[in-house]
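K.L.:
If you want the building blocks of each chain, they are given just below.
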Amino acid sequence: MMMTARFLRLTGTSGLILLACLAAAAIYVPVANQFIPETSLFHVSTASVVVFGKYLCFAMLALSIDLVWGYCGILSLGHGAFFALGGYAMGMHLMREIGPRGVYGNPILPDFMVFLNWEELPWFWHGFDMFWFAMVMVLLVPGALAFVFGFLAFRSRVTGVYLSIITQAMTFALMLAFFRNEMGFGGNNGLTDFKDVLGFDLQADGTRIGLYLLSVLALALMFLICRGIVLSRLGKVLIAVRDAESRTRFIGYRVEHYKLFVFTVSAMMAGVAGALYVPQIGIINPGEFAPANSIEAVVWVAVGGRGTLVGAVIGGIGVNFGKSYFTGALPEIWLFALGGLFVVVTLFMPKGILGVLSQWRRKTAPAETAASTAPRTDEKAEERA
Amino acid sequence: MARSCFSILQRVTLVLVLATAFLGGPAQAQSDSPAELISRLAGADFRETERIVEALAATGDPAVAPVLEALGEGDLFYRRSDNAVFIARRGGAGYLLTDPLTGADAGEAGRREVTKVRVNNSLRRAVRSAIGTLTLQSPDPGVRMAAAEAVLKSRDPEAIGSLDAAIGREQNERVRTVMERARAAAVLNSDASDADKIAAAQTIAEKSDQEARAILMAASNGASAQLGEALAYAVRQVERDLAMWSAAQNVWYGLSLGSVLLLAAIGLAITFGVMGVINMAHGEMVMIGAYVTYVVQEIIRNHAPFLFDLSLLIALPLAFVTAGAVGMAIERGIIRFLYGRPLETLLATWGLSLILQQVVRSLFGPTNQEVGAPSWMSGAFELGGLTLTYGRVWIIVFALAVFAVLVLVLRHTSFGLQMRAVTQNRRMASSMGIRTNWTDALTFGLGSGIAGVAGVALSQIDNVSPNLGQSYIIDSFLVVVFGGVGNLWGTLVGALSLGVLNKFLEPYAGAVLGKILVLVFIILFIQKRPRGLFALKGRAVE
Amino acid sequence: MKMTKMLRGSALGLAAGLMLSTAVQAQETIKVGILHSLSGTMAISETTLKDAMLMLIEQQNAKGGLLGKKLEPVVVDPASDWPLFAEKARELITGEKVAAVFGCWTSVSRKSVLPVFEELNSILFYPVQYEGEESQRNVFYTGAAPNQQAIPAVDYLAEVEGVERWVLAGTDYVYPRTTNKILETYLLDSGVAAEDIMINYTPFGHSDWQTIVADIKSFGSAGKKTAVVSTINGDANVPFYKELANQGIKAEDIPVVAFSVGEEELAGIDTAPLVGHLAAWNYFMSAPTPENDEFIAAWHKFIGDENRVTNDPMEAHYIGFNMWVKAVEKAGTTDTDAVIDSIIGVSVPNLTGGYSAMMPNHHITKPVLIGEIQDDGQFETVFETPGLVVGDAWSDFLPDSKDLIADWRKPMNCGNFNTATGKCGGKGS
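Chains as they are written, first to last, in the numbering used here: chain B, 1 to 385; chain Y, 386 to 927; chain H, 928 to 1356.
With beta-carbon atoms standing in for the labels, derived distance ranges:
#1 H:1350 with B:195: 15 to 25 Å
#2 B:40 with H:992: 23 to 33 Å
#3 Y:433 with B:332: 49 to 59 Å
#4 Y:467 with H:1228: 32 to 42 Å
#5 B:36 with H:1347: 42 to 52 Å
#6 Y:433 with H:1312: 18 to 28 Å
List time: in silico DSSO-like cross-link candidates among lysine-lysine, alpha-carbon distance up to 27 Å:
#7 H:1152 with Y:592
#8 H:1151 with Y:538
#9 H:1329 with B:195
#10 Y:538 with H:1152
#11 H:1024 with B:195
#12 Y:538 with H:1177
#13 B:195 with H:1350
To spell it out: a stretch of chain H is covered by chain Y in this simulated footprint if at least three of its residues, at any positions, have a beta carbon under 8 Å from a beta carbon of chain Y; those stretches are:
#14 968–981
#15 1157–1167
#16 1173–1180
#17 1184–1194
What the hints contain is simulated information worked out from the structure, not anything from laboratory work. Backbone N, C-alpha and C define an ideal beta-carbon position, used for all residues, glycine too.
Just need the whole structure built from these sequences, with the hints factored in.
P.N.:
Written out as structure tokens, the structure reads:
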């Protein structure tokens, strides 16, 4: 009983619903893909499994942004960079896994290096043939970048819009860097043509479903980690930082330490999301660093509901589903729909979809209060800059 | 270029020109009359055409120059039915024909009835050189200058004779200098004695430019030891001067890049810097301005071509009004509900920017639109060892002018006063009787309008496409943040210094790495000065 | 309340989306997928190709369709987002069950969809000139390989213009890198000194060309005839040419030959100062043939605008589509394997007055045209290869690919056969 109550407290009502949905999706999708005949309305095609897996990765990215933005007031417009770095770490492993099966048949060098007449593997490609090493790098590279970046920025008290803009500059600089062929990351084409991971064929249905399940699991775990952070004493301080940074500092908290911690954790989460994204999508290229991608990810969070975690997941999945659907159904005018959605959400749903839901729920069941952790919508002057 | 006749015909010169031929048979060609030669252009291949050009120049007939010119410009056509050759200009249902030699009207022809006498680069070079030699003694100094420059480029040793004659008569100091240079270049390219060539090398080295380096380097191929040494010395001299000027040239490139950044960012310095709206649709305001320019030019092209040189001036107020109106509509429709929630303005304006891009794409299509340069913005001039292009000069002037006007508006008008009052203390301003709503709308309109005006200028150097705004938005934000939000002077200094920094890094690091280094520099700089170059001080900040 | 409705609406949308991927389509029509970006950075080039495909399908339907069925175009928007290309390709093949897909522009978008076409065994027609070094069973390359564009252009400049000094300027991505690598080897082999070659790369969308144009000018002032071989991509070209014109670099002095600049790109520039600069393609809108006149007239009628231009990738789609139609007719089915077998050797008229044939390496034969820019934004052909040039999947000028060949006919059935080791699968270990 104790355990259940504790778990309930950890997840919250909406969180519990989310986890239930994830569990349902984890069970239903593979079953529907494998056992329900293709002619049935309830069949889920392999194409859809891949797409769902992608949505889940984006939901993780949204979750990591919500952790820093929704709970600590750090609006990062460069989280796509951490996502992409995680993806590149994974991609480099998958690239090494190809071995002699590339078009030129070189056992060590990936195709694009043969193509550019490189003689030997650059130093930073060593070790990526080992899975564990790549996995460590998935966490370490985005984490280290976030740590160094955050250490500098938070120490100098770069806040608000200034911070947003320099995170954007960071991802922009990385994009330009990765576009360079001399960098040794495949330039514009990025890393592609992957064959298998840990011996599993990436094009097999089984691997696809496995990766999908892994994504569901990772998302659920990340959600719990985030909840754990925000409900702890640390989380309370973070919210205090968000709502009144100077006051928190004057009380005696080392604000920059808290910020740095949560920023680094969030970057690592984004890295994991990227690492799961790459084998499912089959390509990673510098386009993922584009500042527009990071801004879009922030928009998902806003659409879902900032500072709620569950909202971030809803936004990450929902907006991307809309994008997939409209680019097929209304190829000529889908940008109107997407752009319009963003405007409507900010104007009429300041707390996002989840805000509307809880408002609606409050009306029907007035006893329950809305999540108290949602940020104040009138932000303090210092954030206004 | 050379429509005028010659003052004096010099048979000798023209016969010499004849030898510019590398293949052709001059003796046979000489006997043909210009009319016969011209008629042979119908259906000739490039090699044949080149021979005819040389023979034409050799006839020495003054009427030949306009024919050659028309050929070089691609205006020479022949009628398919009878192979008669005409100068044809677009007009009527197809082309208006004139007789190439007499200039008499020869009626019209449909598009499919005539075929162009084809030219390629080497033919155009031959034509340019021939016309140059033919017009060295034109009464018009401008034409003589152009002729001398053409010969300078062709370095044709056969032109030495006509150059000597022309230099002897030349009264105009500047034209004579160029002619002497052209003569020196021709001497270096001939089989004159080493002593003559060394003298010529000194003449060439007097003016240190790329052209001089090219001429001297070309001459050193197969030169004797003594001459080679003299040439190498001259090249070193030229290169030393060039290196000195190249630093200045880099500053110029930097200022010009900086002025582009300034133009792109200055509207944002109002909407973002002053009002605090993270205006992601700013780039699209710039784009609207560029499209207004396009529409204005289209209308002028179709209805009043004589106004073309004024098209940008006409577009300026229209772009300001259009982008400003769109901006005010955005402010009234969306932004005003979001004051005090700056980060959410980011989301709404991001959505807006997607919509605006798609609107433009639906209206004008996704492809680039052509925006032409008025004549006063084309070309370049030289200042010492610097090559300054008129387009860039005007953009710098324009950016500074826009900046000055903006500063004046903010400092010295009642609107500027109200605007500052509202941004500093909205409630106090309101109780003093300022209509804060109206001021907000006007301020946002002003920022957007200025972005539109910037679009007019940027249409001159960049693609006019729905993606135009996207390419400037990040740079604009960086400039404003680097300079210090809320400070116009910061934006000015920020833009220009980032431009210069970028251009000094580019030669060493390359274009991509240079830009990355600038970005890293900005990130580190913000750590040092978290509120930008010119931070606002005092209580207003917190 | 309003919001609830909206949510319900989106739930419906979700259901509809699931149905899309599951419902079995009735087979009265043959579906043709069109996978070109209609938004984002590549929309500028790709939208035209979507329209061209719609026109070709409409024309085919007017002729009675294919195998007695009407063709039905399915247009999706991959939005210049490379992973989305793969997703949309999958949707077209498994969801819409298209018989073939015409699409992609950038190399990275093609690389992104390759595994999808391989896995789901469908057909892609790729209409853009590209870097080569690839031959995939499910892809037909109707654009030029480097040997169908770059090398004839360089030969022309060296022979006719007497060029001895070369600037290879490109955008930093795989097509320029490869093309320049091939050209560099080729030039060095033909006796050009290393110091007479300058290679320069710029980022995508580069807009400030002052320094580089000045560098080119200074490189060109070494006393030898200099030319620029430009593989600068798309958007960056307009500011590049504007800067060239402004700094007074005339084609007579330093000609620029471009491989990515066609009629469509020139439509955004005043070309009067650019007259004489060159481009190498396999088609120019100015080609004086009746087929071309007809094509242009149909295009203007379809698009409703007399000022729209045609370009080389459009011709590639024209050729590719007609080849596909002919191969389907020959095979009597749209089945992928049957079409892949029957299309090799199919020969259809191109728009420049000859025939193009599909070769066993999935590349096609094309004439190479070199044209000079005119003041009306058109090209005038100044050189044409006497015969057709066969697209070479693996360049002879790159050390690792010179032994490779591709032949997708029965016994060999390999995209990277190594003639040195006699094995399929690249260089081998």
